[in-house]
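Q: This is what each chain is made of:
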Amino acid sequence: MSTSTDHGRPDPEATPSALSRDDRPVSDRGDTVCVIGAGASGLTAIKNLREHGFGVDCYERETGIGGAWNWRHDRSPVYASTHLLSSKPFTQFPDFPMPDSWPDYPHHSELLSYFERYADHFDLRSHIWFGTEVIRVEPAAGDRWNVTTRSTGGYGPERTSQYAAVVIANGHNWSPKLPRYEGLEQFRGEIMHASSYKDPAQLRGKRVLVVGAGNTGCDIAVEAAQQASRCWHSTRRGYWYAPKYVLGRPADQVNDTLLALRVPLRVRQWLYHWTLRLTVGDLTRFGLPKPDHRVYETHPIANSQLVYYVGHGAIGPVPDVARFHPYAVELADGREIDPELVIFATGYLPRFEFLDASVFGDSAGAGRPTLWLNAFTPGHPTLAVAGLVQPDSGMFTLSHWQTVLFARLLQARRDRPERAAAFAQRVRDRAGERYSGQVKESSRHWFEVGHADYLRAVERALHDLEGK
Amino acid sequence: MSELRIMRGREWSRPVRPARREVLSATPELEEGRPPLLFVPGFGHGAWAFAEHWLGHAASRGFPAYAMSLRGHGGSEPAPEATLRAYAHDVVQVAAGLPRQAVLVGHGAGALVVAHALARYPARGAVLVAPVFGGWGVLGAALRRNPAGTLPAVFGGPLRLSRGQLFSRELPDEEARRHVARLGRAGRRAQWALLGAPDAEPAVGAPPVLVLGSPDDRVVPTSALTGVARHYGSAPLLFPGMGHDLMLDARWAEPIDAILDWLEKEPAAH
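Going down the list, the protein sequences come from chains A and B. Residue 213 in my numbering sits at position 213 of the first sequence, and the numbers go up by one each step. Every number in my numbering is 1000 more than the matching position in the second sequence, counting from 1.
Please keep in mind that the hints were generated in silico from the structure rather than gathered at the bench. Since we're looking at a predicted model, the values are computed, not measured. There could be a bad hint or two in this list.
Facing chain A, a subset of chain B residues (Cβ under 10 Å, in silico) [stated by the list, open to error]:
1) Arg1008
2) Gly1009
3) Glu1011
4) Arg1014
5) Arg1017
6) Arg1021
7) Glu1022
8) Asp1090
9) Val1092
10) Gly1097
11) Ala1206
12) Pro1208
The calculated label-pair distances, taken between Cβ atoms and stated as ranges, are [what the hints assert, rightly or not]:
13) A:Glu138 - B:Arg1010: 41 to 51 Å
14) B:Val1154 - A:Arg262: 45 to 55 Å
15) B:Glu1003 - A:Glu116: 45 to 55 Å
Residues from chain A that keep clear of chain B, each with C-beta distances beyond 10 Å, as calculated [what the hints assert, rightly or not]:
16) His121
17) Glu185
18) Gln305
19) Ala357
20) Val359
21) Arg414
22) Asp415
All C-beta atoms in this analysis are idealised placements derived from N, C-alpha and C, irrespective of residue type, glycine included.
Put together the whole structure using the sequences plus the hints.
A: Here you go:
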């Protein structure tokens, strides 16, 4: 069994406080790497860094693992009925498969148990400081980092430890993005962001307006169709609603058969349109707006039930909201509706409140870091972000390979500095690269990646780093 | 050895179809924090081959021990069209289902399955016992020693190993016959893979690998044994006088004790 005595938790008694900052002691953690967050990306970062021989201190603000997928966490966006959107082979870690006995699209509780097993199997918990939040991450001399922590909620003293490298894995689905509407403050009905939606009982018997056509918005609209007395679904534009199964198989597996065969995008788009025409037909017939873009140009929506409930009249598609009145909502086409409950499924914004935005090359503070492979920062070779991707597929495979690449980069800095320097140059030259083909410009899509394009880029980066 | 591959289009678009698997186990009375061992039998063998002696012996020395039957073998679901990829999938599934990071122990062609599974699961260590990695040399040796049992396999028929190939003369005849009678067969596609098996991708997590066998093995020539060991950067540990089925032969305790001693000493496997 591996033990953590050599690289484990920082022990204030044993760790010399050789440095100081603003008259505060700084514990020197030597070659240890700091991981921020013990969700899916943080866990795989700990595992892969350990596997490559690095000591790890992980700070987790909650008292358990799982991040967004642990619905007891106050930052979890998960609701009772959340299921995976991508099927198992795309979702699982590449070196720790989900059980064969699980369904194609597991439930969120199964996903949490998967992370629990992953953490136990690889003995990760002994490297995690639970109930500890990171409040500052600052560059120090020699490409090192000062990380200041305290107990979650602001209790207890602050502590600063110095690390050889930092992996930020704080997630990007917890800070709600709320739209501004004229008259919203005067609206007398109930308003919530989808982050507060947990259970269909919240919808029962009410007149509900769901705003937003992301996967969450579509899921909630489907639940409202079954629970609410009335459901309107407001979307700004028309979307392509992809079923979760086509030809009797999970749709993403069928799609990847085409990707594996390197079928060109235009042909795939044509096949996709043709398949939808054969199955759900013309969406405008149901009152849904005609999509103003081709498939693969926005984040894919995987929902087999939305069109079904629209067809049954249980969901009323409506256009964008124009303004709010005290007892009504005015739509862009001039109609007025009278919901009791409005749910904004309008997404989330990534936030890194512990880090000076200029470190990420985001001096405007717009929350859009300029990174290479959505993970590496120009000028900061020992800093990586894991999981800052909005893939058209599962996320954990991407986080896994990001952290493997980072671990190997840290090894190269020690063993083959010329390779690490070439990598740093590539980060400077290619920061901001996109991996998604042509997508709609919006805050939801700036970090959109196509999993095949993205993973090919990571594979090339790994082979370049290792000189193959 | 091929290089690290991230793009796994076939695994994503055509995942291996699930199959029910037999897993036998023997766990120590006291949990001592030792890594679990997963024994993977070779073609034609099932978990029973390890349940006979090695499982109980490993548990008595404090190692939680598990033995599985690949699909189509032993008590697992029939799978006549199984491939090497499906077998590796079975191993990774069982290993990932164990409570802690496991040591994979593959015997015969099961060692080749383990080599492929190591690219999909970061094992704590791996032991390749009398590994059959295939190739024309191994086929030639098998044809010379047991033409009647080997030739049908070339054409998709069953591979029938003889008593003389599997056991030394020390093993009582009755016991040897009992074991031979339990042998099944691997899928024909998996058997063919032995002729031109693709190289396994690099093992993830760089686990320590031990190769052991017998110079008197009548299935695996010593040169093949040395070749596999060299591939993993070591020399094979040899047990003269034993047949191919080291776990069932008369002196079965010697190799398993050597494996457990190695695990106790090997730092990366702890």
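Q: Please go over all the hints and tell whether each is borne out by the structure.
A: Hint by hint, here is what the structure shows:
no.: 1; hint: Arg1008; verdict: holds (7 Å)
no.: 2; hint: Gly1009; verdict: holds (3 Å)
no.: 3; hint: Glu1011; verdict: holds (6 Å)
no.: 4; hint: Arg1014; verdict: holds (7 Å)
no.: 5; hint: Arg1017; verdict: holds (9 Å)
no.: 6; hint: Arg1021; verdict: holds (8 Å)
no.: 7; hint: Glu1022; verdict: violated (14 Å)
no.: 8; hint: Asp1090; verdict: holds (9 Å)
no.: 9; hint: Val1092; verdict: holds (6 Å)
no.: 10; hint: Gly1097; verdict: holds (6 Å)
no.: 11; hint: Ala1206; verdict: holds (8 Å)
no.: 12; hint: Pro1208; verdict: violated (13 Å)
no.: 13; hint: A:Glu138 - B:Arg1010: 41 to 51 Å; verdict: holds (45 Å)
no.: 14; hint: B:Val1154 - A:Arg262: 45 to 55 Å; verdict: violated (35 Å)
no.: 15; hint: B:Glu1003 - A:Glu116: 45 to 55 Å; verdict: violated (33 Å)
no.: 16; hint: His121; verdict: violated (6 Å)
no.: 17; hint: Glu185; verdict: holds (48 Å)
no.: 18; hint: Gln305; verdict: holds (24 Å)
no.: 19; hint: Ala357; verdict: holds (31 Å)
no.: 20; hint: Val359; verdict: holds (28 Å)
no.: 21; hint: Arg414; verdict: holds (16 Å)
no.: 22; hint: Asp415; verdict: holds (14 Å)
Checked against the numbered hints given earlier, the structure breaks hints 7, 12, 14, 15 and 16 and satisfies all the rest.
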